[in-house]
Amino acid sequence: MLGFLVRRLGQGALVLVLISLITFFLINLAPGGPSAASRFETTAEERAALTKQLGLDQPLVSRYGQWAGGVVQGNFGVTLNGGQPIGPILRQRLGNTAQLGLSALLLSVVIGIPLGILTAMRRNSALDHVVNAITTLGMSIPDFWTGIMAILLFSVVWKVLPSSGLYDASAGFSVVGWLQHMILPAGVLAFVMLPNLVRFTRSSLLEVLGMDYLRTARAKGVTEPRVIRKHALRNALVPIIAMVGLILPALLSGSVIIESVFGLPGMGRLAVDAALGRDYNTIMAVTLVAGAVVIVTNLLVDLTYSFVDPRIRHD
Amino acid sequence: MKRTGKLTSLMALSLLLAGAARAQSADPSGTATFVTTADPTFNPWSPNAFVESNLINELLFPGLTRWDKDLKPAPDLALSWKASADGLKWTFNLRKNVKWSDGQPLTADDVAFTFNDLVLKKELGANQGSTWRNAVTKVNVVNASTVEFILSRPWASLPTYLAYYAGILPKHSFAGVTDPWKFTAFNKQNPVSSGPFKVSQVVSGATVRMVRNENYWGGAPKLQGVTFKVVPDSNAQLAQLLSGDVDLIAIGNPETVDRVKSSPNLTLDIATSNIYYFVALNQDDPRFQDARVRQALLYAINRPAMISSVLKGYGQVATGPIAPIQKTYYNANVQQYPYDPAKAKALLAQAGWKPGPDGTLMKDGKPFVISMPTASYQQLVPISLLVQQYWKDIGVKADLKTMDWNSYIQQVIVKRDYQASAAWWSTPADPDVLPYYDSSAANVGNNIPNYKNPKLDALLENGRKAGSVLARRVVYNEAQALMAKELPYLYLWYPQSITAYNKRLQGMRGITQAADFQYANEWFVTK
Chain A
1 MLGFLVRRLG
11 QGALVLVLIS
21 LITFFLINLA
31 PGGPSAASRF
41 ETTAEERAAL
51 TKQLGLDQPL
61 VSRYGQWAGG
71 VVQGNFGVTL
81 NGGQPIGPIL
91 RQRLGNTAQL
101 GLSALLLSVV
111 IGIPLGILTA
121 MRRNSALDHV
131 VNAITTLGMS
141 IPDFWTGIMA
151 ILLFSVVWKV
161 LPSSGLYDAS
171 AGFSVVGWLQ
181 HMILPAGVLA
191 FVMLPNLVRF
201 TRSSLLEVLG
211 MDYLRTARAK
221 GVTEPRVIRK
231 HALRNALVPI
241 IAMVGLILPA
251 LLSGSVIIES
261 VFGLPGMGRL
271 AVDAALGRDY
281 NTIMAVTLVA
291 GAVVIVTNLL
301 VDLTYSFVDP
311 RIRHD
Chain B
1 MKRTGKLTSL
11 MALSLLLAGA
21 ARAQSADPSG
31 TATFVTTADP
41 TFNPWSPNAF
51 VESNLINELL
61 FPGLTRWDKD
71 LKPAPDLALS
81 WKASADGLKW
91 TFNLRKNVKW
101 SDGQPLTADD
111 VAFTFNDLVL
121 KKELGANQGS
131 TWRNAVTKVN
141 VVNASTVEFI
151 LSRPWASLPT
161 YLAYYAGILP
171 KHSFAGVTDP
181 WKFTAFNKQN
191 PVSSGPFKVS
201 QVVSGATVRM
211 VRNENYWGGA
221 PKLQGVTFKV
231 VPDSNAQLAQ
241 LLSGDVDLIA
251 IGNPETVDRV
261 KSSPNLTLDI
271 ATSNIYYFVA
281 LNQDDPRFQD
291 ARVRQALLYA
301 INRPAMISSV
311 LKGYGQVATG
321 PIAPIQKTYY
331 NANVQQYPYD
341 PAKAKALLAQ
351 AGWKPGPDGT
361 LMKDGKPFVI
371 SMPTASYQQL
381 VPISLLVQQY
391 WKDIGVKADL
401 KTMDWNSYIQ
411 QVIVKRDYQA
421 SAAWWSTPAD
431 PDVLPYYDSS
441 AANVGNNIPN
451 YKNPKLDALL
461 ENGRKAGSVL
471 ARRVVYNEAQ
481 ALMAKELPYL
491 YLWYPQSITA
501 YNKRLQGMRG
511 ITQAADFQYA
521 NEWFVTK
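Chains A and B supply the protein sequences, listed in that same order. Heads up: the first sequence runs through residues 1 to 315, numbered per the numbering used here. Heads up: the second sequence runs through residues 1 to 527, numbered per the numbering used here.
In isolation and in its complexed conformation, chain A is listed as follows (with noise of 0.2 Å):
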């Protein structure tokens, strides 16, 4: 186990410094430049000052050195456009990120299992088709839609939650306060994730109900309810936890949408501005965490598999 965490760990490292080397070396060639040298009234004068001053006249392989430099002890630098140190914004939007995948993530696991479980069990029945129904409707609508229709009913017409925002402690945390603020935009991002984990629960289950250790299960007077439960829950679990294994990333990514349109300061708006920016230092602070992060989740996800299921060992 000790060295296929070693083994697997420095593969992750490995890949990162790839990701790092094609960001960069693409993002500079990309056409554009950081905002503030690429304004549209800036002057060419303007523009070769800011150049100097943001050490962009310097060549493109010293800069990536320098760069990663600075990673390795730590340092993420400063902001392109705006100069601030970008370690403390990660952090910050990192944990607001965290707040909203991993509620979403709950939400998505707590309704979507059972409900795929439910669906597979029931199959074809009115329940199965109302569930496909809707689960249809969670992939065929934009994300940004149901936002905004989730503001317009339970802010604008119902008044019952606020609109948009993070919830502010300064004068004391609060769960209801938290929740309030975190229900919408969680919400609406496990409704668009919902889906996939149902569809996929079912269609897993499915699978396992017809083999044959069922049926010799069944026969042996096992009650359906600890069938499912011992037998075809725990055989159909693994593609499952993979399944959660790839919602994780994606939420990251489906939470740019959100994010917009709920006014959350996450990674995936911090992503988005610095990309259209082009604030080269943000969009290699944020590549290189989204790549750890997803690099980390399937090394969480491989580890999990041989606690579902013993016969998968990793030596």
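These are calculated hints, taken from the structure and not from any lab test. The reader is advised that the hints may include incorrect statements.
[Unchecked claim] Restricting the straight-line Cα-Cα distance to at most 27 Å, the calculated cross-link-like pairs of lysine-lysine (DSS-like) are: (1) K159/A with K261/B; (2) K503/B with K222/B; (3) K138/B with K465/B; (4) K527/B with K261/B; (5) K52/A with K138/B; (6) K159/A with K503/B; (7) K72/B with K82/B; (8) K52/A with K89/B; (9) K121/B with K52/A; (10) K527/B with K159/A.
Based on the hints, put chain B in the right spot on chain A.
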């Protein structure tokens, strides 16, 4: 006489009642909430301060002048000003006893610092620095409440430009700061300011809270505080206005106006700003150096129809860079270009462009094909598509290439690698448009079409030298006539800016949105 007296008494009474009602309804602890699209930079001169920072900086950093209701320069930090006979020295007398939000006095040193150490320093590349360096050499401190602007060439519109996002910054805050754009403790967190409000809390990506600046020279503002929420999505902004979470938004998409009208709590303010949309034709391309070709391409565009479709009618056909909002200087009696495809074709025929076998115009064996980059930004894509269609009708083919805003700037502004492109200018409400038309600004400055005309250069230079309003009017009338005839840009329209706000927010002057923010101490909300 008696009747008149009665009427006067009635009017006085109703005014008194209105005043009393207003006094009763104003909430002394009231706050207002606005939106912005990204984290602002609290420094109007920073190259990182964009549209998201403009209005906030208006609240924080007053300039020497500000707009009055006729969009003329009115006293702000400066009480009066005077130009020397040769127009090369302007003396500004500052308001006395003005304090910064930290209690320090605001003096001539701050004005000199702002210009000498930030704006005029070439190596800093300050926002709009080139415009200032073009005429201002340095700012001298005469005494604590008097400054002199020393110019290299006359600049009659200096007081007007001083009202246009030209806030004064505190010298003492910047002491020991080597790079003013990386001074994030000031620019991003907690600036020392002199406007009616001061920053109290910044949550990156979420909110900027401001509270009353008790040191404001105009007395304590009526609002206790102002909050700006960072909401990049325009639909989300509208939803927040409708829900009452936000008090005021600028409507970018006129299609949403009806939604605002249907809400009883909201009202609209429709104003004309000094903004004009245009199609720039790159004058480095010999085809566009023929004025007949430029005129033909404008005759071919049905601008009223575009205003109806793109702006839902909220706009007016443009005749030049000086918008009708500048009542003193706008010249309507210039050459007009009503939609006339037949005339467009005739002019192009005169210029040697004849229809080829597939209907595309040809000259010297080459088809009339125009490369037209555009950006997925605001309404530029639909505008470009419509222009493309109108030009196709007269046999001119435009190849559109859509890109993101940043790439567009790189291609069109930095490299000037385009033949035609639609965009807009938003400029101070002043007839001095020299930075956008002068030959010296071609290729390197704001003269996007690279248009060079010594006659226009001379006129615009004379406009800067003209001392009186009358003299300026004569010069700029002529300049407008010349521009309308020559078409350095193909003028499309002057859009109306639409502001939607909650009726509880009152006390705004209704000049333009930017000008209203210069009088934010007068705003209040009803209980």
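Which numbered hints are broken by the structure, listed smallest first?
8
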